[in-house]
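**Student:** Model the full structure from these sequences, guided by the hints.
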Amino acid sequence: MVSVGTWLVIDAVLDNLISNEVQSGNGDQEVIARAQSLRNRGWELAAVHPLRGQGPAGWPPRDAPFGIELDEANLTFIRAEVDAAVVSTTRILSSEELHTQIRGEQELSLALLEGARAELAQVAHS
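Position one of the sequence shown corresponds to residue 47 (the working numbering), numbered consecutively onward.
No lab work stands behind these hints: they were computed from the structure.
Among the hints, erroneous ones may be present.
Ranges between beta-carbon positions, derived for each pair [as the list claims (entries may be wrong)]: (1) A103 to V68: 21 to 31 Å; (2) A103 to S65: 17 to 27 Å; (3) A103 to A126: 19 to 29 Å; (4) T122 to E143: 27 to 37 Å; (5) S141 to G104: 31 to 41 Å; (6) E142 to E115: 40 to 50 Å; (7) Q82 to L144: 24 to 34 Å; (8) P102 to Q147: 19 to 29 Å.
Just so you know, even glycine gets a beta-carbon here, dropped at the ideal spot from N, CA and C.
**Tutor:** And the structure:
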């Protein structure tokens with residue numbers, strides 16, 4: 047089981063994936079549908095979570111358990127997208143010309159992604 051905080055990172059990764067696929071002009075409709083379906087499942091679970099509204103933007107607290115059911119295929123899909131986001135963020139951070147504020151934001155993003163990656167690895171092995 048993942049935490050709400052990890053699910054929020056996953057939700058953001060899926061949101062970026064959908065946006066990138068749509069903006070490409072010839073996005074993979076199956077990928078878009080899968081990512082949106084996973085996001086919808088998360089929103090539905092958040093809406094009935096017993097701690098809803100006690101965390102950021104109406105969500106449960108970040109450290110609360112988030113009992114979303116993920117089969118192996120969806121877990122693999124999510125892990126691959128989080129891994130891709132880590133690579134992309136690391137590449138952005140490798141630029142020596144980043145503004146200080148942007149660098150700080152990207153470093154925070156990378157830390158959140160790495161935390162989500164670690165939590166997903168634990169879920170995959172349990």
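**Student:** Name the hints, by number, that the structure is in violation of.
**Tutor:** No hint contradicted; all consistent.
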